[in-house]
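Participant: Now for the letters of each chain:
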Amino acid sequence: MSAKLAVLFLLMTIGFAMPVLLGFRSVNDIQLPNIHTDYQPEQPISYSHRLHAGVLNIDCQYCHTGADESRHASIPNLQTCMNCHEQVAGQTQEAKNNIQNLYVAWGNGVGEGVKWKRVHNNPDFVYFNHMTHVRIANYVDDKGNHSKGIDCAVCHGDMKTVGVARQHQNLTMGWCINCHRDQNTRHAKIGLEARAPVNACDACHR
Amino acid sequence: MAKPPVQLFCGVFGDEDDTLDATRACREAGLEFHDVYAPYAVHGLDRAMGLPFSKVTWVTFCCGALGTTIALSGMTYASWWDWPVNVGGKEALPFPAFVPITFELTVLIGGVCTMLGMFALCLLYPGKKARLLHKGQTDDKFVIALKKTEDFNEQKAREIFQRHHAEEIATRDPGYNAADEPATGGAA
Amino acid sequence: MGAHVYSVMREPLVVGKKTLHEITQDVCQSIEGKPSLLWWLGFLTSGAIATAGVATMLYQMYVGVGTWGLNKTVGWGFDITNFVFWIGIGHAGTLISAVLFLFRQKWRTSINRSAEAMTLFAVLCALIYPTIHMGRPWIGPLWIAPYPNLRGPLWVNFRSPLLWDVFAISTYFTISLCFWYIGLVPDLATVRDRAKHWLRKVFYGTLSLGWNGSVRNWNHYEVAYMIFAGLSTPLVFSVHTIVSMDFATSVIPGWHTTIFPPYFVAGAIFSGFAMVLTLLLIARKTMRLEAYINEITMDNMAKIVLLTGSLVGLAYGTEFFVAWYSGSIYEGFAFINRATGPFAWSYWIMVSCNVISPQILWFKKLRRNPWVLFVMSIFVNIGMWFERFVIIVTSLHRDYLPSSWAYYTMTWVEYAELIGTFGIFFFMFFVFIRFLPGIAFGEVKGVNKYARHDSHGHAHAEVKHG
Amino acid sequence: MDIEIQTRRQDDLADMPPEMRAELEVVSKSRRDFMKVTGMAAMGAVIAGCTAKEHLVNPLLKRPEGITPGVVYDYAGTCAGCASACGVVMKVRDGRPVKLEGDRANPLSRGGLCAKGQGQLWGLYDADRVKGAAKKDGEATWDELDAAVSAAVKGGGAWLVSGTVNGPAASAAIAAFCARTGARHVSYDACGSHAIAAAHKATHGAHVIPQYRFDNARVIVSLDADFLGTWISPMQFAAQWAQNRDLASGAREMSRHIQFEARYSLTGANADERFRLPNAQRGALLVDLANKLAGDKRFGEPGKHDVLPGDLDRIVNELKAARGHALVVSGSDNADQQKLVNWINHNLGAYGTTLELRNHSRQALGNDNDLADLLKAMEGGAVKTLILMGVNPVYDLPEGARFREWMGKVGTTVAVTTHLDETAAECAWVAGDHHALERWNDFEPVRGLYQLSQPAIRPLYKTRHGLQSLLKWAGEAAGNKDYREYLKTWWENNILGGLAWTSAVETGFVDGRASIVHNMPVMNEDAAKAADTGKVATGDFEIVAYESLNLGDGRHAGNGWLQENADPTTRVNWGNYVALSPHTMETMGVKEGDLVKLSAEVDGRQAGLTLPAVRQPGQAEKVAAVAVGYGRTRAGKLSHGMGTEELAFTDGAIGANAFPFVARGGKVVFGAVSAAGGSSKVARIQEHDSQEDRPLAKETTLSQWQKNPRSGNDEELPPKELTLWRKWEYKGHKWEMVVDLNKCMGCNACVVACNIENNIPVVGKKEVLNRREMHWLRIDIYYEDNDGSKYDGEQTKDENPAAIFQPIMCQHCENAPCETVCPVLATIHSEEGLNTQAYNRCIGTRYCANNCPYKVRRFNWFTYKHSDLTMNLALNPDVTIRSQGVMEKCSMCAQRLYEGKRMAALNNGGKLKDGAVTTACQSSCPTQAIVVGDGNDGDSRVAKLRQNPRNYQVLAEINTRPAVTYLAKVRNRAPRPVAEKKAAHSHDH
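Line by line, the protein sequences are chains A, B, C and D.
Going left to right, the first sequence walks through residues 1 to 206 as the working numbering numbers them.
Going left to right, the second sequence walks through residues 1 to 188 as the working numbering numbers them.
Going left to right, the third sequence walks through residues 1 to 466 as the working numbering numbers them.
Going left to right, the fourth sequence walks through residues 1 to 989 as the working numbering numbers them.
Bound conformation, chain A alone (with noise of 0.2 Å):
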């Protein structure tokens, strides 16, 4: 009788205790199986970031414009591909095809567009702005280097090795808030003011 009410109680113990036992923290940083990162759909034009961002070492605003002036950084208008596709039609059968496919979205200026698959889906009542990261915002790296605005990769992944895009985090509020948390922390560390909002819903909810 005693040795099985040992055994129930060990179970209990074990099955109750369990979350203080292992701390709420690592309970805390499971995250529920979510499907934005990574995300990588496909585009009707399969546009590399790869051979623009990388190879010709295009600058990222040079397309996304909005970056560093406004909330969105906005996708290109199609006159922006023909500022040089006017002159490149490509090389390969490949670029050929793709290219092709941009002129007759572009279709002289009076065509269709294109109807780009939104990669970074962010709720509409999450208000992220992009100029206040790119061009505001104090950013430390884990070594300790303190730059005035972050760099895209930080968030967006170095599209310089990524062909189509993808999303590169997952962009929850967990990850947003956990990045300010850390800023704030190494700013305090090497002496600058921490100003990354963590206790303000209405900074990204209004």
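Since the hints were made in silico from the structure, they are not lab data.
If you're wondering where the values come from, they're calculated on a predicted model, not measured in any experiment.
This list has only true hints and no planted wrong ones.
Going by beta-carbon spacing under 10 Å, a handful of chain C positions derived as facing chain B: (1) Ile-23; (2) Ser-170; (3) Ile-175; (4) Ile-182; (5) Asn-212; (6) Thr-241; (7) Glu-443.
In silico PhoX-like cross-links for lysine-lysine, where the CA-CA straight-line distance does not exceed 25 Å: (8) A/Lys-148 - D/Lys-731; (9) B/Lys-129 - C/Lys-196; (10) B/Lys-129 - B/Lys-148; (11) A/Lys-117 - D/Lys-62; (12) C/Lys-201 - B/Lys-135; (13) C/Lys-201 - B/Lys-128; (14) C/Lys-18 - B/Lys-135; (15) B/Lys-147 - B/Lys-129.
For glycine and all other residues, C-beta sits at the position ideal for the given N, C-alpha and C.
Since the structure of chain A is already known, use the hints to place chains B, C and D on it.
Facilitator: What follows is chains B, C and D alone, placed relative to chain A:
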């Protein structure tokens, strides 16, 4: 509990006072109980059998304490350590506000575990087949079952049973189950 | 040796000199025989009402809380009134099981099973309201449960009495369910052993967990039962205390009162006992259980109703006194407004039903008259519903800023849902008395000999084989 | 209408073309669905865990020049909501205006913009607009229309009817049209001030309305002139009036404002001393006043009036003492009375100081004489062609019904209009005009101040500028080009004088007031003496038809924001009513909401209407007041409750037309007022108007304040530093707001500004009747006895109570009761001291709203949606649309605060200049009663105002520690015993 290895000497009674007295007498006579069965809780019957106080209280205590711990640590973790927020100008660690939930979780976990622990101690579980020594033992009959061990004094036992107005005295096989007997119309 | 000695003043708890088997027989008849026409009538009527109620709730959740008559000033009306009302009803069962058990009130045995079942059903009805009163019930459960989430480490607000409510009520429901079930197990075993149909055998066999009346089990069982009684006693007081904190911790005049916890608990017991009386007086008649739910039970119940009713009356008076004594103009106004404002009708219904009507119970004759008790219990049910209405609505409709004062007019949706919950409640009760033993005969048998002056010493003389 | 476009979300508007393609009409099927949908979707995603919903984006082919998606651009312009021509800043985002705000640089309006001005956006995006050229029985092309109308006007006998057109180029265009075609131009104002101009013609020889300068006036006496609400140029006057009532910046004195009026106007509610005076006695009072100032009886014997001689003598003395700084104004339409007013002002030395003829007002150029000519000509069949430009005479002329008849005698009728109103519906041709926000135009509100307005959006429909149409029909070459060319040329030739066109467009105005040469005319006293106004007409009930504060002359009747904006004194919205004094109602045996029938003979016509009665404390006895502007039958969906599926607009026609009760020449209308039997519910957003002796809206008198700056705000409070909890520190900014009750005049402009800025839904009459209006900001009114005791809403003690306004929005309590009770942390305190509400987290228990002592939280009872999808373009993309079941409330315009911080970080090294961020309510306030700023910045205005002795927190005793505080009102009361005043009001019934 597995089937008793020995045969059982059973006395069936119709009154709780008789049963109680008979049980006491059996114990004083040094007869070994297999068990006593009663349709309802008869106070003192377990003491009369010489059973110790139930250990279910310990289950309650430990699990209740566990509930308290989970509640307090969880709330402290969530509202103070993990992300302290300014709610109505109150402190991030408002202990008075934790009292209700701490209490409730203590009772909840303590209570549920008490029930589970009690059933575990009784080895009761859904689907278990009840073993009856008499059809009426959950209705109006009391059964005292004594182990027919090697040194069992059947004579003495029978004498005690009869003295206490036993309605039926029988020896049952280890595997006997009155529930398997065909219906006798007793429950009509 | 059979040392049951009772004062001659005592009256037997079970009248009619029943044998143990007759008790089993009496109680089991309702679940073994064919259901009566009356039962079918009640079952179908309450089922129809319940269905209509649920349909209304779904409609309301889909279209919006705006289908109720609430407004920017009165944010809670029928919803929370019904919630508190049903929670109050749900107090009697556990109180009868636990507190009266601890006080060794043996007359409780005839009513505790039904009262506990009523508790569970009432709490279920109560739980409907916090759910449907939410603007977005479909996401409520996601947020309320403190679980790791995608929104970062943002948990819930442990300072909110509403969250305490969630814990308190779910605990109360779970513990009451366990308590009820533990009590049921031996009785279910009896029913199992009487069962003939294989389906019944399986059903009751599964539920009764193989119970066979072993005293080794009774040993644990009795301790566990005692522990449950011990746990439930503070629990039953805590639940309505916490519900009262929804109001007491707020800043609204008429809500912000330290008297609320005892006041609410007394009110809850009051309303719960009234509802138990209502139900059992019906059951006694329809199920022919006069031997068990007899005058002594009624008398005792009526005494508790009288006591708690007077406590509630005292609380009403105290509130007025404190409102005046506080010197706060807002507090003072809130109470004057209750008695004389636009909702004065509800206040006076409350006072006449809750304070005045139970005063007839000072007379023993009336305490033992089932008809008087029945009518009185209905009055108390109505009065206690209005007590919650008065507290919630009259305090809200005129609070600090006169510019926001507003009246609250109920809509058909609110009435339909209120009636619907009664349908759900009675529906569950009808199902219960059909399938489960409505009287804890295992416990009644234990008190069968109580104050039976004929049964000194051995009672075996009467026991014949059945 | 493929699925992709329907799934476009609000953000994607940024990627849409600024020329609003028809596609846009299907953007997001309903206005408020998406949160529910995304909420569901999120749940679904967690459960399903595998599929991603595709969102498609189709960027423009070419980037519009100078537009970055998501960036707000400010353009200067001029408001065309009425003829006051206030300066506005148009906030344009992604090629569409999302908000109008007052232009602080404008010398007249100084940043104020009234509710009507703000609400113009509704008119722009209204789906009921005229979408191009049309004829009476169907569609038409512009060519057809042009051909027909050009031919008609060339045939002679053409009349052009417009409202006030004061722009120099616009006037020139009209003049050119008239010169070419021989047409006659008639302008009229439905609620005009012709009598003032006519009186000045008689007394000063110039048919002008002077520009009033309340900022120079120390004593203001107004006889029924609602100059803070509706009279001539209320925003301008409010700014001037408030300038002399600002006691927070060092001044020790303030102006004294005395009002005589029959109804209870917004201006009367703000007066220091208010007298109830039926309009019939106004002439007599003027004669009495003039005689007393003159010291003899040169203006004849005054009839009997209700003002006690003692009061009048005192007022005369006050006026005399303030000579040169006194101003008497009258809202009378009676030229004789206005002549007396002119003499009084002349006698007080007001000309040149408190009223100017040099830079006279051009804000009401309507001429009733011209109008009379037109009506006569129409009746006689002499009008061959009638062009109605932006006017609606069938509705807003007292003789509208006859006008409609006479239109049948006209050969060709043409309406140049944005909406198919009552008049346009009768016209043969309808030339769709641009909305004011789509077109170039100019204005000259006062002589010498030239203002421009530029389009904030490309025309949404195939409409054409009305003036261009005129030029085209006249055969001018300019008619074939965009009107901008004409305007620009005219300005370059006549106004700019070397100034760059672009800089004029940028500032929005050119101030040439100083260059106007003007010789002060001599007062012709004989003209005043000839005025015959001393007699007091008598009759049964005096019926007063007044201009509605929210709908003006009715042109805004199709505007949901304005319909839902409540009247400041009765707090009624969605419809007009018969306002009666409580005593009159008692005598008549009429309860609030009972239908009352009004009938009278007006200028030989029979006028009648039936409306519910509403009690208006302080109104004169036996006076029935009805607002005009309601009862439109063709103002779009709103006007007659035609809405179908939406919850909002389902309660019948909105009011009744009271214009037939307007009598020409300011004659007093007497008629019969009787209970009509039955009742109709009146929607009001405040039902109880007594403070119940609670210290909520505090006040003191000037003399007490001068002795003790804390007077009126000196009750003892429980110790507030005693606390169980440690105080939270706010390290960065701490946003705070101070509202000066002495400057707030209750005009409700901030309410509409807030609604537009924060996407607050219009819920309609039915829901207002359920007390579910969604306004985050409201202006409470409390009435109180003049002797200082509080007015009890149930039982009137004083028949002429004073009023106090108090704007209430979320108080952003430091110890917020709402936050503690939210189970899900949907509302918590931000690190910048704001009470934030995360809609996406809210589950809608309404516990927070219950526990809010200020009752400022609003719950989305339903999914509120527009039936017009174009209205979605008016939504502010920076503010979430709230879904059903979510609590919402004032966020102190968090989006603007963050934008301000961003701009400070970019331009000012992160240092936020005080005043750089404004909330929507603040930026619209004509009197600048609202100040927002960083309380942690000791130099900020808000921090200083919090130290002001008049500063207090509402409900301070419950220790919520609001971030929003108030400055107690100061009344400049008459120095006289109370008893005498009591007596003054007891004899008139």
